[in-house]
Amino acid sequence: MKKLLHKDYSIEDMELLLNQIAEFRDLVKATHDSTDPGFIQEYRLFKQYVEWVSEDLTSDSYICTLQDDHDRSLP
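In our numbering, the protein residues as written are 848 to 922.
Keep in mind the hints are simulated off the structure, nothing from the lab. Beta carbons: idealized from backbone N, C-alpha and C, even for Gly. Errors might be hidden in some of the hints.
Simulated DEER-style distance windows between Cβ atoms [what the hints assert, rightly or not]:
{"#": "1", "residue 1": "865", "residue 2": "886", "range": "18 to 24 Å"}
{"#": "2", "residue 1": "879", "residue 2": "858", "range": "32 to 38 Å"}
{"#": "3", "residue 1": "875", "residue 2": "899", "range": "16 to 22 Å"}
With the sequences and hints as input, model every part of the structure.
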């Protein structure tokens with residue numbers, strides 16, 4: 848898997864995450880033994896990775912920042 852490009856997340860980083868999710872979905876579909884402990888661990892690790900990256904993308908989003916919220920509250 849490729850790592851995200853940089854700390855200041857971009858559209859490319861979001862697209863990369865979506866591609867990683869699609870690749871993992873294909874792996875899940877191709878795996879016939881979903882009870883395999885190794886597969887279950889890989890699934891849990893990937894799920895946690897997606898949660899962390901999603902949080903990072905959301906908290907560092909250029910679309911929604913504290914400055915934007917502050918500007919909206921000004922008269």
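Let me make sure I understand: some of the numbered hints might not hold for this structure. Which ones are they, in numerical order? none
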